[in-house]
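Using my numbering, the first residue of the sequence shown is number 498, and each one after it goes up by one.
Source of the hints: derived by calculation from the structure; they are not laboratory data. Quick caveat: nothing in here was measured; it's all calculated off a predicted structure. Note that CB positions come from ideal geometry on N, CA and C, so glycine has one too. None of the hints are false.
Taking lysine-lysine and the DSS-like style, the derived pairs with C-alpha atoms no more than 30 Å apart in a straight line are:
#1 Lys606 x Lys535
#2 Lys535 x Lys565
#3 Lys565 x Lys587
#4 Lys519 x Lys565
#5 Lys519 x Lys557
#6 Lys535 x Lys593
#7 Lys602 x Lys587
#8 Lys535 x Lys519
#9 Lys606 x Lys557
#10 Lys606 x Lys587
#11 Lys519 x Lys504
#12 Lys535 x Lys504
#13 Lys565 x Lys602
#14 Lys535 x Lys557
#15 Lys606 x Lys519
#16 Lys606 x Lys593
#17 Lys602 x Lys557
#18 Lys535 x Lys602
#19 Lys557 x Lys504
#20 Lys593 x Lys565
#21 Lys606 x Lys565
Label pairs and their calculated CB-CB ranges:
#22 Thr571 x Ser530: 20 to 28 Å
#23 Thr546 x Glu601: 31 to 39 Å
#24 Glu601 x Thr523: 35 to 43 Å
#25 Val541 x Phe599: 19 to 27 Å
#26 Glu586 x Ile505: 29 to 37 Å
#27 Ala536 x Lys606: 18 to 26 Å
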Amino acid sequence: MAKITSKIELNVELDENRVPEKLMWTAEDGGISEQEAKAMMLSVWDSNTQEMLRIDLWTKDMPVDEMKVFFHQTLVAMSNTFNRATQDEKMTATMKDFCDYFAEKLELKKK
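Kindly produce the complete structure, drawing on both the sequences and the hints.
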């Protein structure tokens, strides 16, 4: 049986100081082609070294208020992923409490 692969591509346009000006991503299997983004966080797990490797990028025109919402939504998504991966309801609830606290302290309005 042939292996099936799926490709996700990230393209970063940099200015003369190597600061991101434009982030684009493509995931053809998901129907996404050259979709523009203002920020991204990519984490991968290196099982050999038992370490997380990360790429955190945002464009220089990313508004701070949008960055705060981006972080909040990332934390909520991490809570949901943690729950699906571990089935640890107690810690998931604690993480969600922190997400609520984070949103409250930043005065983020729920949409």
